[in-house]
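Remember, the working numbering sits 1 above the position in the sequence shown when you count from 1.
I should point out that these hints are in silico values taken from the structure, not numbers from a laboratory.
No more than 20 Å apart at the CA atoms, straight line, and that leaves these computed lysine to aspartate or glutamate pairs for EDC-like:
#1 Lys88 - Glu138
#2 Lys28 - Glu16
#3 Lys135 - Asp79
#4 Lys110 - Glu38
#5 Lys110 - Glu16
#6 Lys140 - Asp130
#7 Lys191 - Glu37
#8 Lys28 - Asp118
#9 Lys92 - Glu170
#10 Lys135 - Asp100
#11 Lys51 - Glu185
#12 Lys88 - Asp100
#13 Lys88 - Asp183
#14 Lys92 - Glu182
#15 Lys135 - Glu99
#16 Lys169 - Glu138
#17 Lys92 - Glu172
#18 Lys92 - Glu138
#19 Lys110 - Glu99
#20 Lys88 - Glu182
#21 Lys92 - Asp183
#22 Lys169 - Asp79
#23 Lys169 - Glu143
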Amino acid sequence: MNYLAHAYLSFGQDEVLVGNFMGDFVKGKMMNTFPEEVQNGIKLHRAIDKFTDTHPLVRAGQSYLRPQFGHYATVITDIYFDYYLSKNWEKYSRIPLEDFIQNTFTTLKHHRQLFPDRFANMFQWMVQDNWLLKYGEIKGMEQTFIGMSRRTSFDSKMEVAHLALLEKEAEFQVIFFAFFEDLETFAREKLLEIQEANAGH
2 MNYLAHAYLS
12 FGQDEVLVGN
22 FMGDFVKGKM
32 MNTFPEEVQN
42 GIKLHRAIDK
52 FTDTHPLVRA
62 GQSYLRPQFG
72 HYATVITDIY
82 FDYYLSKNWE
92 KYSRIPLEDF
102 IQNTFTTLKH
112 HRQLFPDRFA
122 NMFQWMVQDN
132 WLLKYGEIKG
142 MEQTFIGMSR
152 RTSFDSKMEV
162 AHLALLEKEA
172 EFQVIFFAFF
182 EDLETFAREK
192 LLEIQEANAG
202 H
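Let's have the full structure, built from the sequences with the hints guiding it.
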């Protein structure tokens, strides 16, 4: 999943949110340098990504994209899902989206001393360009995919990934609603399981 979803699936727990955002940037023994609840967020991030990557509905969506985008289909569907989460935000939260995003950035900034260097560099751009708000508009999606395409070593064709979304927007929305219901249930239960396991140590 992408960043807006990881923020939402931190369930209002600040240190979990920090870990959930940094999950891709923490390797090996680095994990042990963080507070326990941040570690729980990192573990949750990884569990969410694994659940997403193996879910049959997600794989069905990716199978449509794979002929054109190859293995980048996985990244593209993650960003598509943030688009649908943003567009349908009121279905999931009583907090207005812009307020939620501002609260997310404020919480992360408060814990910036914990950031791995690579994440700190990326976070600066995330805030400056307000990535989380961009995901809710096709124009923002286009800009996101163009930027990602420029950073790939190979011809990813991601600069046109927003067009594939427009072509099958209704179909991907059906996938999102059904999948995200499963994911939210899984993430709530998984976080509780992780926290209870760590509390027992």
